[in-house]
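Input sequences plus hints: build the corresponding full structure.
Chains as they are written, first to last, in the working numbering: chain A, 43 to 716; chain B, 43 to 716.
Please note that a few of the clues may not be correct.
Remember, identical chains collapse to one label, so a pair may be satisfied in a single copy or spanning two.
List of simulated lysine-lysine pairs, BS3-like, C-alpha gap at most 25 Å [claimed, not checked]:
hint, residue 1, residue 2
1, LYS705, LYS286
2, LYS148, LYS309
3, LYS528, LYS476
4, LYS286, LYS703
5, LYS528, LYS556
Simulated from the structure, these hints should not be mistaken for lab results.
Protein chains: 2
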Amino acid sequence: MAPPHPFDPLSPQEISLAVKYIKDAYPGHNVIFRVVTLAEPSKAQMIPYLQAERLAVSSSKPPAVVPRPRRIAHVQFYLGDSSDFREVRVDLGSGERLEESKLEGKHSYLDETLMQACEKACLADQGVREAIELLELPEGAVVCVEPWTYGTDGMRDMSRRLIMCYLYMRLSSHGDANHYAYPLDLCVEMTDELEVLGIFNLPSGVDDRYTPVTEGVRKFDRSKIHGSSEYHPDLVPDRRTSTKPYQVVQPDGPSFHTDGNLITWEKWRMRVGFNYREGLTLHDITYDGRSVFYRLSLSEMFVPYGDSRAPFPRKAAFDLGSNGAGVNANNLKLGCDCLGNIKYFDAYLHNTFGDPVKFPNVICCHEIDDGILWKHTNYRTGNAVVTRSRILVLQTIITVGNYEYIFAFHFTQDACINYEVRATGILSTTPINKGDSVPYGTLVAPGVLAPYHQHLFSLRIDPAIDGYENSLVVEDSIPMPLDDPKIHNPFGIGYTTTKETIETETPLGTDITKARIFKIINENVRNPVNNMPVGYKLVPHYSQMLLAHPSSLHAKRSEFCSHPLWVTRYSDRELYSSGDHTMQSFGGEGIASWIKSRASSPASNVRNQDIVLWHTFGTTHNPRIEDWPVMPAEKMLVSLKPVNFFTGNPAVDVPVSTQEKNKSVLVDDGERNN
Amino acid sequence: MAPPHPFDPLSPQEISLAVKYIKDAYPGHNVIFRVVTLAEPSKAQMIPYLQAERLAVSSSKPPAVVPRPRRIAHVQFYLGDSSDFREVRVDLGSGERLEESKLEGKHSYLDETLMQACEKACLADQGVREAIELLELPEGAVVCVEPWTYGTDGMRDMSRRLIMCYLYMRLSSHGDANHYAYPLDLCVEMTDELEVLGIFNLPSGVDDRYTPVTEGVRKFDRSKIHGSSEYHPDLVPDRRTSTKPYQVVQPDGPSFHTDGNLITWEKWRMRVGFNYREGLTLHDITYDGRSVFYRLSLSEMFVPYGDSRAPFPRKAAFDLGSNGAGVNANNLKLGCDCLGNIKYFDAYLHNTFGDPVKFPNVICCHEIDDGILWKHTNYRTGNAVVTRSRILVLQTIITVGNYEYIFAFHFTQDACINYEVRATGILSTTPINKGDSVPYGTLVAPGVLAPYHQHLFSLRIDPAIDGYENSLVVEDSIPMPLDDPKIHNPFGIGYTTTKETIETETPLGTDITKARIFKIINENVRNPVNNMPVGYKLVPHYSQMLLAHPSSLHAKRSEFCSHPLWVTRYSDRELYSSGDHTMQSFGGEGIASWIKSRASSPASNVRNQDIVLWHTFGTTHNPRIEDWPVMPAEKMLVSLKPVNFFTGNPAVDVPVSTQEKNKSVLVDDGERNN
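Spelled out as structure tokens, the structure:
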């Protein structure tokens, strides 16, 4: 078997090997494995390796002799219990342990094993049972527990991991009945050792406060019971029958080819990666043999809620850093998610004992048709030429408790990369007394409040536009002045562009009034036709930034959420824009802190350097009742488009659309099929 | 045969009848027909008619006896020649001529007949031939003429229609060779009587000016000749073969049903209209029997160029008012534009003699799959439920000289309507001397400048949200204050929304920093679950507005281009946001003028009234070289989404996605098909 590519995730054997080395190092200790993942080689090592590789591909000669980077595992584990959290890098060849350190005051993410343990412990707790008793729930009610990470609010000692258990109930014996339709007036604070710290009533009236249950009894209001909050087909059997089948047929198979984690499609070539935290990552992306991006990944996301009443400020989830996009990735075959010819990628992660665990079908690779790519009709000849746009989709879907996120990279034939995010799933609800309403939430069912919240994503863009030294240019479109004698603008209609090349690390703002675009350019490579530097532009998804006050813990913990764009100097260890450890973090660990730490040092220079762009985007989600009981996907789209990178439309050679190939079917007037 | 529906376009017979009435009224005159189209009945007439019709549909009883509005044709014509431009409405029943008037100082649009006549006359003109001679064009060069409407710049008497003829050449005998690759240093000013007013050199160097050819000779620079600017498959025979066929199969046929211009699909019901100017229009749109929109249409578009040198300020096209989206609509079968099961709609327009002319396949109706509509995985049971999004597309494509626009209304199963615009086609180029560059254009080929320009669209949204009295609410998401004792925000993370109901006609601005949304609500109808007024929200396409100075003729002529959103009181005769007559207009005729004319009168009240929204959006198009020689479609999307209109997700009953229906195909690792 060929040796793994340096970007390939750890194989099950490599995971086991890393685990063995750690266990051997701590004989007689109980080692709880939290992270065993590939430590990607430094870029300094990878650049010559990839250049040799590309040369070999283009010249079909064997690769030059470039040292293959060592396989190194990045491991995080608890020694004994979670009070002793450690990190180490393990050389899988020699077994050597590198940079071992204690992670004082840091906490690992919350995983499903712990969540399920919390649920059980919570329901088994005598105090909780008594509190539930007092609610006098209806016959047949099944209480469900939603464990949440504790969003730091300064109300508790943070030396241990804390889990917030929000209680719900379902009234059906069906396991998929929607318990979010019945949020209970109860919540439980627990430690990760499953010790109950307190049992509380939630604020359920406009002026209620977060209070220990001992302060008073609140019976469940039976008038909240309703029958309209289900989504599962078993419980919504009466479904529309008007939607006829729609199939994608690819008689000659897909246009892509895969070889392990290497994907080639049309003129694109890239490597797929996957890890517990970011989930899907993309590496060494080239078009027609030219380097475009070194690495693309979702760096972090933050979901803060706008309800100011305790304990709801604790609902502030870092779904990557504190939950993990990889460990929460769906098996896409289960959901029957795609059409046409689909290639699935599996991933190998591990359990807390360090045993490798297969996560099947966490990434799907397929093609979609996106309508017209380009068209022109010459009215003189009446000849129309039209091409259709084929897109390669690399998709992963995660479930984080109530919500689903669909993350997809789209590669186009005209050399664009689009990153599409869809938010779906079920709203996280809280109880509200019948008749009450609050200005920071939507009533979606009787006694059910869907609080306002934001979803803010941080897309990490590590460019390599025709090389690894790039610059960022901010380009605005502005009117020409009317009264400048040096400017010829007699009709007052002239406009031009201003271009500012960014010199040092900084956050940046979007500006629609100036049609601002952000160009990643290579100042060392010029377009042969118009002599402009080659580049790619970022077309942002315009979004509101964080609403929480800059002095709040939310703002301090989510530094990336203050600005839509950031540019930093590349550093091997800077992957997560809210810091490596978001669980119960206090802030000061993210992208703004990095920039501050290097301010006015040469390391902050980003002109003609190895740079990284970070795009913050998302949605201020003030729920519609139409988002209930399950939310129609809300789409967000970010684009990376070539600008002066080619000498013309790279898709000019796409085959012309023909009926012979399309086999479309004419529908006669009045045709009906039911 | 059933009588036409009041919204049905004029039939060929009705066109001929209208024409006959006019000809009879002017015996012995040469009548040149410019417009013979349906005069849509007043809304006052239509409301009771549609309500009776809906009642009949829902109760399947025969419609109540509501007077059927008279069929009336709206006619514009020249009497004798274009110096006598007239307008009249003709009652097709009685032949009665209503509101006949002379359109003093107004001009009709530029059509293909006149464009082709101009091309011929231009090339036949002795002076033009001599000027071309002086260029000393290469052997086999074929000169092409691009006639343009004259964007008012104050340099010419405007009593007649003027046509700007820009000259290009192609070097291939192939009729579809790209002549935009060779813009010549020549342009000709003509009247619509084909009289040449002047022959000029274009500014081709940085400091050149617009000068009569008599002032000097400019030979064509043969070093501009290049071979890389073609798009037609005959001329780009070497096309990529890696794109495998991709077909959409609908074994049970489409999910839509058509009956004449009536379309029903899923729970939607609407009527399709079509006219010479707006092209595709939609009428009486309902979901599940509830009224949503009375009329949706593209009202206008403006394409001003940013090159300040005469004569380029004249390049400022109103592609609807001065060219016409209907008369320039593509025959969609020619282009083989869609996949799956497609229903085409034909249109009937007319020639200048008044003879009906069939425009086949100007609208296509088909379905597309849009990926995941909603999904949720219950991690407790491991059960995933996923539905796919089916969309009904109503599409029309227009060619206006060099450019193509693809206009599509998308109807979704979750009751949204999206309006998608794609801009494609070929850049309008001007000559530039080798070695020169200007700050308001991109060099796309040797000696070829693609000037900066904007595309600004005006979408007219005539809502009828559960009735015809609606209001507009501007809703912003804003942080809760930190220091207001009346506000409980101890953690500084609270946020809420402000809602302003608009009282009088006004332009409005978007504001991403506030996540501003625009809600069209019906204050008289409340959501039964949360008691909020029913509504739809507009999700705008964020765009830069007009760059031309407010004092410029561009700005005065394109009033809608100053703000992204406008709300007006409904008026039967206000359909075009730059006024009824944009050809060589001087301004003062558009949406801002309407509002000014009614300011502080009761007619300006828009709260709980019959209102119209106008959304201005588009793109500042500073060409990339990748847009050449044919432009990959640039997409813009506007959405209309229900907010508290339903009691929950209207798509909760969409059938679950299953492999049995999807028939997807698993791709094995390493599979290749070439």
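Evaluation of the provided hints:
| no. | hint | in the structure |
| --- | --- | --- |
| 1 | LYS705 <-> LYS286 | both (18 Å within a copy, 13 Å between copies) |
| 2 | LYS148 <-> LYS309 | neither (44 Å within a copy, 53 Å between copies) |
| 3 | LYS528 <-> LYS476 | between (69 Å within a copy, 23 Å between copies) |
| 4 | LYS286 <-> LYS703 | both (23 Å within a copy, 9 Å between copies) |
| 5 | LYS528 <-> LYS556 | within (23 Å within a copy, 39 Å between copies) |
Consistency with the previously given hints fails for number 2 only.
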